[in-house]
Amino acid sequence: MKYFFSMIIPFFFCVNIYSQTIDNIEFVKVAENQKFPEGPAWNGNDAIYSSNCYGDWITRISNSKADTFIIKPTKPFNFGKTNGLTFDKEGNLFVCDYGEGKILKINKKGETTIYADGYLGEKFNRPNDLAFDKYGNLYFTDPKSYDKNLLDGRIFMIEKKSKKVILIWDSLAFPNGIAFSKDGKNLFVCESAKNRILKFDVMKKGRIKNQTVFIELPGGDPDGIAFDIKGNLYVAHFGGQAIIVISPTGEIIKKIQTPGKKPSNIEFAGHDMRDLFLTEDETNCVYKTRVEIPGLKLFN
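In terms of the UniProt record's numbering, the sequence shown is residues 1 to 300.
Quick caveat, the hints were computed from the structure, so don't treat them as lab data.
A portion of the hints provided could be inaccurate.
Straight-line distance between alpha carbons at most 20 Å, and here's what the computed SDA-like set of lysine to any residue pairs gives [as the list claims (entries may be wrong)]: (1) K160 - N92; (2) K144 - L167; (3) K105 - G91; (4) K204 - L167; (5) K164 - M203; (6) K105 - K182; (7) K185 - S247; (8) K182 - K164; (9) K29 - N284; (10) K182 - G136; (11) K105 - S145.
Nothing here was measured: the structure is a model prediction, and the numbers come from that model.
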């Protein structure tokens, strides 16, 4: 059953420039007055969408204009708080609703449905971030406690055809950002409470094996992640005031200072995939910059 309520409220848009000492990167503010922005997602055409974890809306940024989409319907549909976002190849927006423990699907018409709401009769903990593989299966992280000693975080996969929810990994300390390598053979997951990024091998049926530590990042929590076309991993280092760029072999190439201390997530976008969007939670803004190496187009 579908329930939908939508309205658009224009945001005040302004442009601020933040010069960087590393690579002379500049950040342009494209949305402000957000409430803990997170989960930026490129629709593959003309807009970036981002969540407001402490608000009830998803922001759309297009042509240097930010609009707010209120998608919290009235009863009986209980919409909670959103975090990670991603699009499929048909243009549907998939949403981590950590407030209600659900994965939502919003089609191009703005109609909202529940894509998955639990596992073995119990709702998910706090769905955080999500990514499609090249076959259209949806993977998402499901943390619970933010404590390195409480290993109650999980990774799930939702099969494209059957919509079956499969637990593919557990016993993690707050699994967070998630992304596939260019060839789809490896899955990378930020284990934020342990300040590290994990690497898994992806098997033929979508299951994962061989957990290894790809890199440890003290001084902050690895949060959202994204790859460029050369296989370098960009990491929003929450609390570290940086986007850290890591080589395919796990070496830090550079650190890009961010406008605030709490960068939460990143997304490559634009016609040439050289626009890099950043959600930042100290300033409660969304920023945009240009990078040299294009980002990896997602499996969508």
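Evaluation of the provided hints:
no. : hint        : result
1   : K160 - N92  : holds, 13 Å
2   : K144 - L167 : holds, 15 Å
3   : K105 - G91  : holds, 10 Å
4   : K204 - L167 : holds, 16 Å
5   : K164 - M203 : holds, 17 Å
6   : K105 - K182 : violated, 25 Å
7   : K185 - S247 : holds, 17 Å
8   : K182 - K164 : violated, 25 Å
9   : K29 - N284  : holds, 10 Å
10  : K182 - G136 : holds, 15 Å
11  : K105 - S145 : violated, 26 Å
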